[in-house]
Structure formats: C-alpha cells, structure tokens
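For this one, chain A is given, so just place chain B on it according to the hints.
Number of protein chains: 2
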Amino acid sequence: MGIPEKIISGNIRAVARLIRDIDDNIPEAREVLKELYPYTGKAYVVGITGAPGVGKSTLVDQMVYHLRKAKKTVGVLAVDPTSPFSGGAILGDRIRMQRHSMDEGVFIRSMATRGYFGGLTQSTRSAIDVMDAMGKDYIIVETVGVGQDEIDIVRSAHTTIITLVPGMGDDIQALKAGILEVGDIFVINKADREGVDRTVSDIRLMIEMDEKRYKNGWKPPILTAQAVFDEGIKEILDEIKKHRKYLTSSPERKSMFQHEKARNDLVEMIKDRIVSDVLANIIDSGEFEEALQLIVEKKIDPYTACDNIVLKKLKSG
Amino acid sequence: MGIPEKIISGNIRAVARLIRDIDDNIPEAREVLKELYPYTGKAYVVGITGAPGVGKSTLVDQMVYHLRKAKKTVGVLAVDPTSPFSGGAILGDRIRMQRHSMDEGVFIRSMATRGYFGGLTQSTRSAIDVMDAMGKDYIIVETVGVGQDEIDIVRSAHTTIITLVPGMGDDIQALKAGILEVGDIFVINKADREGVDRTVSDIRLMIEMDEKRYKNGWKPPILTAQAVFDEGIKEILDEIKKHRKYLTSSPERKSMFQHEKARNDLVEMIKDRIVSDVLANIIDSGEFEEALQLIVEKKIDPYTACDNIVLKKLKSG
Chain A
10 MGIPEKIISG NIRAVARLIR DIDDNIPEAR EVLKELYPYT GKAYVVGITG
60 APGVGKSTLV DQMVYHLRKA KKTVGVLAVD PTSPFSGGAI LGDRIRMQRH
110 SMDEGVFIRS MATRGYFGGL TQSTRSAIDV MDAMGKDYII VETVGVGQDE
160 IDIVRSAHTT IITLVPGMGD DIQALKAGIL EVGDIFVINK ADREGVDRTV
210 SDIRLMIEMD EKRYKNGWKP PILTAQAVFD EGIKEILDEI KKHRKYLTSS
260 PERKSMFQHE KARNDLVEMI KDRIVSDVLA NIIDSGEFEE ALQLIVEKKI
310 DPYTACDNIV LKKLKSG
Chain B
10 MGIPEKIISG NIRAVARLIR DIDDNIPEAR EVLKELYPYT GKAYVVGITG
60 APGVGKSTLV DQMVYHLRKA KKTVGVLAVD PTSPFSGGAI LGDRIRMQRH
110 SMDEGVFIRS MATRGYFGGL TQSTRSAIDV MDAMGKDYII VETVGVGQDE
160 IDIVRSAHTT IITLVPGMGD DIQALKAGIL EVGDIFVINK ADREGVDRTV
210 SDIRLMIEMD EKRYKNGWKP PILTAQAVFD EGIKEILDEI KKHRKYLTSS
260 PERKSMFQHE KARNDLVEMI KDRIVSDVLA NIIDSGEFEE ALQLIVEKKI
310 DPYTACDNIV LKKLKSG
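From first to last, the protein sequence lines are chains A and B.
Per this note's numbering, the very first residue in the first sequence carries number 10; after that it's consecutive.
Per this note's numbering, the very first residue in the second sequence carries number 10; after that it's consecutive.
If we strip away everything but chain A, and leave its shape as in the complex, we get (with noise of 0.2 Å):
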C-alpha cells in the first residue's frame, strides 16, 4: 500500500509521520498531498483562537467529549508559536487531553512555526488536508495567540470561535481590528468572573457597528461558558451547527465560500514558496553578507542594500 492509500485508510503511523514531515517542511510530504487532494473537502474545520489563559485547551477537550458522543470522529490540531532560536513545537511535549488519548476516534497533533520562513499557515493547512482525508468529521484547529498568523490560520476554517475572558479592558479594542471580524462566534469563557455582562455587551456593541460585514448574513451569537464545569459547551456545538447549515444552505453562499477559501490557500502556499525558495537563496549567498557588513560600517543604508539585491535576484532568477 502506498503512503496516500494508507492515509485514506486512517493507518495513525502513516499520518502522523506526514504531519510530523508537512511540519519539518519534507518536500516528499507535498508529493503525498497532491495525491490526497481529490479526497479532501468532506471534514468540517472550525478554528478555535485567543489570547493564552482564556482556557482554549479545555474547551477543545469538552468539544471533543461531547463529538464523540455524538458518535463523531475529531482531529485536534494545536498550533503554538515559534520558537525563533530552537525552531520546536512545545506542545507537543505536553500531555494534551490525555482522556481521549486511549480513543482511535480523536486524532491529536501539534505543529510550529519555523523561524525565518513562517510557513505555519500553510503547513496547518496541509495538515487539515491530511486529517480530511483520513475520513475526519470535525477537524478542531486551535491556535494560541492574536496575531497575524493566527488570523491567517483562522481563515480557512468553516466556523471560527473568538474565546475571550471577563474583564479584558482595553485590550479588548485592539482585539477589534483583528480578531473579532474573523469570528463567527464568540465565547466568553471562565464566566464567573467579574465583569461577564460588561465583555458580552463590549463585543455585542462591536458586532453591530460593524453592519456592513453582518447585513444579510450571519451574525455572531455570544455564548458564556465555564468550560472547566463543562457549561455552555453544548450550545457552542449548537451554534456550529447552525452555521454549517447557514454556510450551505444556499449555493451561492456555498461556492462563494469555497473560492474564497481556495483563494485565501493559494495565495498563502504561493507566498511561503516564494520566501522559502527564493529568500533562503539570497541569505545563503556572499552578496548577503558584503551587504551586512557595509550596512554595519554604516557605509550603505539597508534600503538601498535591500533594493540591489532584490533587484538583482529578480532579473537572474
């Protein structure tokens, strides 16, 4: 049997190892994933995202509780910030929800970033790719983080969960720009603490200025939950739900949501290709190096530095 046809077939080593190579950036790894394209588009993504400490770990695990239950199958991706200087994931040490560990329903795998090359967006997706065509129901992709790399992962999920605590002030305003225009639901975690009515209302107010993006469309429900009580998790599943059906309810909505999906990947995977191929290029060569050294004896700006070399490259590659 062939790597591709294990994989369909949900061989758990065959899958893992592609992960594990998709993540050290194999390029065998992208040979395999031509092949299982044509099986890929039945799983359902839904991305879970937020600051560290709102409690996305154990919302994902009672997500997971209660898919299963529901006699589904689930793959959990945790995709967790880069390590600049030793390139690791760390997560991946931890022990993740260690009750579903011993259940061949619930797949778990952790990915990182790789320093100069970023890359982790589009090696997250190859990664739902794989977990899609081993016959996944749910892929649950969570990310640690309000960055730009985190939005960019969000994206290509069907329903994005925005999980938020009480009481997170200002911040909460610079969350706006980013974050809660990618959410299709909102969850304000750890319920009990002081200054729940004010978050929902704070997010609640953001929904409906911004008119445009929800007029017609589908507009953010805001859940409470207490996760570790396992509360509110049923009616988050509810409103997954609910948004599949609003996401595939009408075909235009369907295709619309499809192409732009594909755009979103195409435009990612172009992008990591042309900084890993022709970035590493550049770095490895002597002209690099003359250039940091006049830049540091401050004999030539880094402007006029960039501009030689980006210039020249384009013309000879």
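Please note that a few of the clues may not be correct.
A pair holds if it fits inside one copy or across any two, identical chains being indistinguishable in the list.
No more than 27 Å apart at the CA atoms, straight line, and that leaves these computed lysine-lysine pairs for BS3-like [claimed, not checked]:
| no. | residue 1 | residue 2 |
| --- | --- | --- |
| 1 | K308 | K270 |
| 2 | K78 | K321 |
| 3 | K15 | K307 |
| 4 | K51 | K254 |
| 5 | K322 | K43 |
| 6 | K307 | K270 |
| 7 | K51 | K78 |
FYI, nobody ran anything at the bench for these hints, they're computed from the structure.
Remember, it's a predicted structure, so these values are computed and weren't measured experimentally.
Positioned in the frame of chain A, the structure of chain B alone reads:
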C-alpha cells in the same frame, strides 16, 4: 528645508506624515529613509509585548512618565493587530496616554499591518528609524499579542520586556517556545492577583532550564509590578539601564548585537520586498484566476498549481 532635514530637526508634522507614508507603504518614503539612515543608531529601543489584558499600555504610560522626569525624550510606537478586511489601525482612534499628549518630549504613533503582504515588522523598524533620526532618547515599541509578528518586532529592540499576569496556567508553557526566549526582562503585572508566586517561579524555572542561552550572559530578571499604582516601574527602568550597560560594556558584545540586529533587519526587509513585489504581480495575473477556478472545480490540486505558477514566475521574472 527638505523632508529629511525636517525630520532631523524634529518637525512633528513631517515625522507624522512620514510614518503614515511608511505604514501605507508609499514608495517615496523609502527614499527619505535612505537619507535618514546616517542619523540613526542613537536611540535606545525598548520592546514590550504580552497578551491582551496584561496592562501593557498602562506600563508604557508609567515608563514614559518616569523617563520624562529624568529629562529623557521618548517615542512610543503602538503596533496593533491587523484587520485583514478593512486594513485599518484601530488604536489610532483610541486616545492613548492622554496625559502626555501636550508634552513635546513625547511622540506617540500607532502602526497597523496590511493584509496579505505583511510588512508590519518592516514598517515598524522604519518608524523606529524615523523616531531615532528625530532625536528621541528612548523609543518604546508596544505590541499586542504573542505571535510570530510580535516576536519579529521585538527582536530588533535593544531590551525586550515580556509582560505577563498571574494565573496564566497551562498557557505559560506555550509562551515558552516563542516569547520567553526573546525576553530580557520579565514583568508580572497586576501583582496583587492570586498566583503571582507561582507565575514567578514558573518563569524562573524556564529561564534556568535554558542554561545554554543565559550562561556567561544576561540572566533575565523577573519583576513584579502594579502599573496602575505606579508600583515596580522604577525597578523596571533600573533593569533596562543595567541591560543597556550589559550590551555596551564589552566591544565584542556590542558588535555582535549590532551585527545580529542588522542581519534580522535586512532579512525582514528583503522578505517583505520579495513578497510584495512578486506576490502582488502573481495575484493580479490571469493565470492566478485560472488556477483558482481549476482548484475549485477539483481539476487540479493547489500544490501542483502553486508549483506551476511559482516556477514560471521565477524563470520569467
């Protein structure tokens, strides 16, 4: 007077316009930056990062207050998460640090990311150059979040402060990989909250485990603060001074730091240029739209489509 002369003489209007042009990616700004470059390298750059809700803004506000009392001029750059849809900054609308708004020794600006083409890291570094050329003694760069962007941004600061709050639980593990490694000083803000001792000891443990990095070098102090009550701020500024002394006390270390910084800056700048020049060109091409259509119809997989487009571009480019 030309624009570079206006910047150097501290003309607020000229500085504000140039930073806006940088944020809007206007090509002419690059020419001004080239001319300003010889006037940079005097300011001391402090980066502050941390998840939303940890009180970074208040901390920065207090630091500005103390630096001003010591007769230092200060530039503040607040870097916001992106809006992938509207592309707009949001903190710009927010009235930040009002009590310093009438003080000519303080210059405050916000930056925002710009969709697909990234560039936040690059434009932040350029804005730092502008404030540096303008003659500010200290430049404080505040970023919201814990993603790759934030790490890239704070990497070019002389001193990087990581702000946390007590009781982050499991997520502190996730921070380890990315942010903890770039921290020169750790501040546990809101130190009146439960769990402060635990958080301090968790971070201490992580620092001590990472011997390789800290042996014979700077061992990051862990400070507690209550920024709203101006508690612990002086201690933070003392540690910044100590770290500054550490960086400059040995000629080898100083040169290594400069080289490292110049390398990071140049890599980011080249990456940005490649992505914005090549990617924009590809997305605007009919070829991209054709490939997209074929992907949606499942007649081609995105990996093969990407290969075709990138190989062709780099050959003909």
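If the cut is 27 Å between Cα atoms, do K15 and K307 qualify within a copy, between copies, both or neither? Close across copies (22 Å), not inside one copy (57 Å); limit 27 Å.
My question is about K51 and K78: at a cut-off of 27 Å on alpha-carbon distance, are they close within one copy, between copies, both, or neither? For K51 and K78, the Cα distance is within 27 Å only inside one copy (20 Å; across copies 62 Å).
Please work out whether the CA atoms of K322 and K43 approach to 27 Å or closer within one copy, between two copies, in both situations, or in neither? Between copies only: 21 Å across chains, 29 Å inside a chain, cut-off 27 Å.
At 27 Å max between alpha carbons, let me know whether K307 reaches K270 within a copy, between copies, both or neither. The answer is between: 13 Å across copies meets 27 Å, while 45 Å in one copy does not.
Copy assignment of K308 with K270, given that the CA separation must stay at most 27 Å: between (46 Å within a copy, 16 Å between copies)
I want to check one pair: K78 and K321. Are their C-alpha atoms no more than 27 Å apart within a copy, between two copies, both, or neither? neither (59 Å within a copy, 50 Å between copies)
Can you give me the call for K51 and K254, within, between, both or neither, at a CA distance of at most 27 Å? Only inside one copy: K51 and K254 sit 15 Å apart there, 58 Å across copies, limit 27 Å.
The structure does not agree with numbered hint 2 stated previously, though it agrees with all others.
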